[in-house]
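Residue numbering for the sequence shown follows UniProt numbering, beginning at 1 and increasing consecutively.
Check the hints yourself; a few may be wrong.
To be verified - Derived lysine-lysine pairs resembling DSS-like cross-links, with alpha carbons at most 30 Å apart: (1) 238 with 227; (2) 27 with 85; (3) 61 with 85.
Stated by the list, open to error - Have a look at the derived ranges for each label pair, beta carbon to beta carbon: (4) 207 with 64: 54 to 60 Å; (5) 4 with 68: 18 to 24 Å; (6) 199 with 105: 23 to 29 Å; (7) 247 with 113: 52 to 58 Å; (8) 11 with 243: 55 to 61 Å; (9) 244 with 70: 52 to 58 Å; (10) 7 with 109: 23 to 29 Å; (11) 108 with 79: 47 to 53 Å; (12) 88 with 1: 36 to 42 Å; (13) 185 with 105: 28 to 34 Å.
The set of hints was computed from the structure by calculation and includes no laboratory data. Each residue gets a CB set at the ideal place from its N, CA and C atoms; glycine is no exception.
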Amino acid sequence: MIHEITDPDDERLGDYHALTDLELRTKWEPPNGLFIAEGELVLRRALRAGYRPRSYLIDAKRTGQIADLPGDAPVYAAVPAVLEKVTGFHVHRGVLASFHRRPLPSALEVVETARRVAVLEDVNNHTNIGAVFRGAAALGIDAVLLSPTCADPLYRRSVRVSMGEVFAVPYATLEPWPSGLQTLRDAGFTVLALTPDPGAVALQRLSPAQRERTALLLGAEGPGLSKHAMAASDIPVKIPMRRNVDSLNVAAAAAVAFWELGRDDPEI
């Protein structure tokens, strides 16, 4: 059943208020067990991944687009002006959905059958998080582990930038940090620390044994990996650069490294 909304203060739309207020949303969404998906493609990927919808909020002109959605979550429809007052921005994709979160698995659970893992330290930019997950899904990374200070992969901007691929790659928080990296080593992973250090090993020079089961450490823009994370790794590795460029954006660097680590994969 579709519920027409004319009042932007309608209490039924509480999940969608002030979506552009980063501080408010990051403090409110995880404790309340929800996240917001933006756009029809993204919300359908969330559904395919098994996330349970709480409600949908759509442009009244687009109700036909989601007529086939499963379940009995309420559908709220409003004109664009009302949508903008509710959310704080022009909803140009015309479709939003609120979903229930799921309990995160443990780090050991998500890497149990993995061959290649990405490990992010202090990556607190939501756009970068989303882009890293999209690259991970496309380029053969089996799981992503996050330090406790990383941004939320299910924040709306992360989900949107990833094009919903955050739902395709298992992830967990790795604690304690960085001593928890030892659990990866104990599980048979070689922990590679990506760094611009000229003395690091070029990724393409790794031996077959070093590439067999890898956990690639990636740091935040600017500071890169902490000295403690570097010390907890096995091998510092680099992407060889030209024209005196010292580094890449973390999402771009991740994509290059993911491709290199998986280029011999027989499935490609």
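Now the hints, each set against the structure:
| no. | hint | verdict |
| --- | --- | --- |
| 1 | 238 with 227 | 16 Å, holds |
| 2 | 27 with 85 | 21 Å, holds |
| 3 | 61 with 85 | 17 Å, holds |
| 4 | 207 with 64: 54 to 60 Å | 56 Å, holds |
| 5 | 4 with 68: 18 to 24 Å | 20 Å, holds |
| 6 | 199 with 105: 23 to 29 Å | 37 Å, violated |
| 7 | 247 with 113: 52 to 58 Å | 32 Å, violated |
| 8 | 11 with 243: 55 to 61 Å | 57 Å, holds |
| 9 | 244 with 70: 52 to 58 Å | 54 Å, holds |
| 10 | 7 with 109: 23 to 29 Å | 44 Å, violated |
| 11 | 108 with 79: 47 to 53 Å | 49 Å, holds |
| 12 | 88 with 1: 36 to 42 Å | 27 Å, violated |
| 13 | 185 with 105: 28 to 34 Å | 20 Å, violated |
Hint check: violations occur at hints 6, 7, 10, 12, 13; the rest are consistent with the structure.
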